[in-house]
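Starting from the given sequences, assemble the full structure and let the hints guide the process.
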Amino acid sequence: MYKNFSFNILQQSKNLKTNERLGKIVTPHGEIQTPAFIFCGTKASVKGISPYQLKETNTQIILSNTYHLFSYPGSAYIKARGGLHKFSGWNGPMFTDSGGFQIFSLGHGSVADEIKGRRSGISTLAKIDEEGATFKSYWDGSVQLLTPEKSIEVQHELGADLIVSFDECTPYHIDKKYTEKSMERSHRWEKRSLNEFIKRNNGTQALYGIVQGGIYPDFRKRSAEFVSSHPFFATAIGGTLGSTKEQMYEVVEMAMNGLDIRRPIHLLGIGGISDIFRGVKLGIDTFDCVHPTRIARHGGALVKAAYRDHNLREHINLKKAEYRNDDNPIEIDCDCPTCAIFSRAYLHYLLKAKELLALQAIAIHNIRFMNKLMEEIRRGIADGNLTEVESKWC
RNA sequence: GGAGGGGUGGCCGAGCGGUCAAUGGCAGCAGACUGUAAAUCUGCCGACGGAAGUCUACGAAAGUUCGAAUCUUUCCCCCUCCA
512 MYKNFSFNIL QQSKNLKTNE RLGKIVTPHG EIQTPAFIFC GTKASVKGIS
562 PYQLKETNTQ IILSNTYHLF SYPGSAYIKA RGGLHKFSGW NGPMFTDSGG
612 FQIFSLGHGS VADEIKGRRS GISTLAKIDE EGATFKSYWD GSVQLLTPEK
662 SIEVQHELGA DLIVSFDECT PYHIDKKYTE KSMERSHRWE KRSLNEFIKR
712 NNGTQALYGI VQGGIYPDFR KRSAEFVSSH PFFATAIGGT LGSTKEQMYE
762 VVEMAMNGLD IRRPIHLLGI GGISDIFRGV KLGIDTFDCV HPTRIARHGG
812 ALVKAAYRDH NLREHINLKK AEYRNDDNPI EIDCDCPTCA IFSRAYLHYL
862 LKAKELLALQ AIAIHNIRFM NKLMEEIRRG IADGNLTEVE SKWC
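Per this note's numbering, the very first residue in the first sequence carries number 512; after that it's consecutive.
Since the hints were derived computationally from the structure, they do not count as laboratory data. Warning: the hint list may mix true and false statements.
Claimed, not checked - Within a straight-line C-alpha distance of at most 20 Å, the following computed SDA-like cross-link-like pairs (lysine to any residue) qualify: (1) K883 with G895; (2) K528 with I772; (3) K661 with I639.
To be verified - FRET-style restraints, in silico, Cβ to Cβ: (4) N712 with A587: 13 to 21 Å; (5) K638 with N712: 29 to 37 Å; (6) A832 with Y588: 44 to 52 Å; (7) D686 with G593: 40 to 48 Å; (8) A893 with E642: 41 to 49 Å; (9) S648 with G600: 23 to 31 Å; (10) G593 with Y649: 22 to 30 Å; (11) Y860 with G652: 36 to 44 Å; (12) N768 with E642: 30 to 38 Å; (13) G652 with E899: 47 to 55 Å.
Positions of the beta carbon are idealized from the N, C-alpha and C atoms, including for glycine.
Set out below in structure tokens:
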């Protein structure tokens, strides 16, 4: 079924306590060395960054979103332009998310708050029933229906290499009973996604199943077993991962429990530096997250441990006054195009002056930073010194 | 010389007798951001204080009033129009 795709585990952890592994995902548009980070280019564009800049920073793969492109400009339109790769100018491996997550962002406020458990109450703008999710388009307010079949159809027309089953992404503030019902509905939706995928399969795409189950060990295990027992190419871990970092690692571990580890395993929506190390050690192969590119647009430049300020955050905020007279690059040992020519002072000035270049320049640093991080993680696994690599980055 | 309009916190700009240390916006300072409705959002932003609070404030001075950024008088500046 996935004849043009493969996943090879090149090396397993040498450490008995951890499960990191080195792998290679082969797609029709190229290979992905894992562990890898997938950058979010939600609306067929990594905000502010061109495909040649992504290449220049050694980006392996990017992601676009079914929900956004479905609402505008529509998958038929993109298909008519030759598909997502041709349309966007990115000819490397591509991933599309199914739109399941967005269904929870359609109410007011932030999706993240909902999923991460920082805000209680369930979004109301999306109506979910067995058929699918009805919601108001973010683009023009029109009422739209996304079903598993429709999501797969849209993803098929978009033409990304790696596509994802349509699921219901359960929030944190929800009781166990609803979580279970929701998980079971996700499983039914995933089966429908798989059926639709098989119907349309022409060898150019591979399908992910998604593990749901909230914060409950029994559900996560059941969901993992469900996904593993169906012929998905790979697995993504989704849904709420709890409200604290520790809980997140626990939930990932729960999900890993029942998974077929011969398949690639993706952790949806996670991209903190320490989170990635934890995830990798739990056996995660790929991550995606808006964080590196989003914080860049807010003035945040990712930095390794040696460059952290007193807050010990994983980034420095270049808008802060303390960088006004700082003539150093973001990181003196960084090999990115931004650090090659721009000082913190200049980036600080550009941010204050509201020059667009700042957002792009910092994003390029963050992208290269993440790619370099993953390169060093891979080398660390190969050399058996991941812990040393971690101490440099965290 | 004549007629009119103004002077408010770093800037712009509301308020036009009490609920005004004074709406907004900008700038400034800080925080958040993890399957992107995000070049976004939140908080602080006269001085001193941790806070309660105290003090100094709406061009200047003098009045009216229980009470004035708001009313009166004089003065000082600015702008527009007519000569």
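Status of the hints after comparison with the structure:
Distance restraint check for K883 and G895: the Cα-Cα separation of roughly 18 Å lies within the 20 Å cut-off, and the hinted pair is therefore satisfied. Simply put, K528 and I772 have alpha-carbon atoms about 16 Å apart, close enough for the 20 Å limit, and the pair holds. With a CA separation close to 15 Å, the supplied pair K661 and I639 stays within the 20 Å bound. At about 19 Å, the beta-carbon gap between N712 and A587 stays in the expected band of 13 to 21 Å.
A beta carbon spacing of about 30 Å between K638 and N712 agrees with the range 29 to 37 Å that was offered as a hint. Under the hint 44 to 52 Å, the C-beta atoms of A832 and Y588, about 46 Å apart, fit the expected range. The given range of 40 to 48 Å is respected by D686 and G593, whose C-beta atoms sit roughly 47 Å from each other. Between A893 and E642 the beta carbon distance is about 48 Å. The supplied range of 41 to 49 Å therefore holds.
The hinted window of 23 to 31 Å between S648 and G600 holds, with their beta carbons roughly 26 Å apart. A hinted range of 22 to 30 Å for the beta carbons of G593 and Y649 is consistent with their spacing of about 25 Å. Evaluation of the 36 to 44 Å hint for Y860 and G652 yields a pass: the beta carbon distance comes to about 39 Å. One distance hint, 30 to 38 Å for the beta-carbon pair N768 and E642, holds here, with the actual separation near 31 Å.
Between G652 and E899, the C-beta spacing of about 53 Å keeps the proposed range 47 to 55 Å intact.
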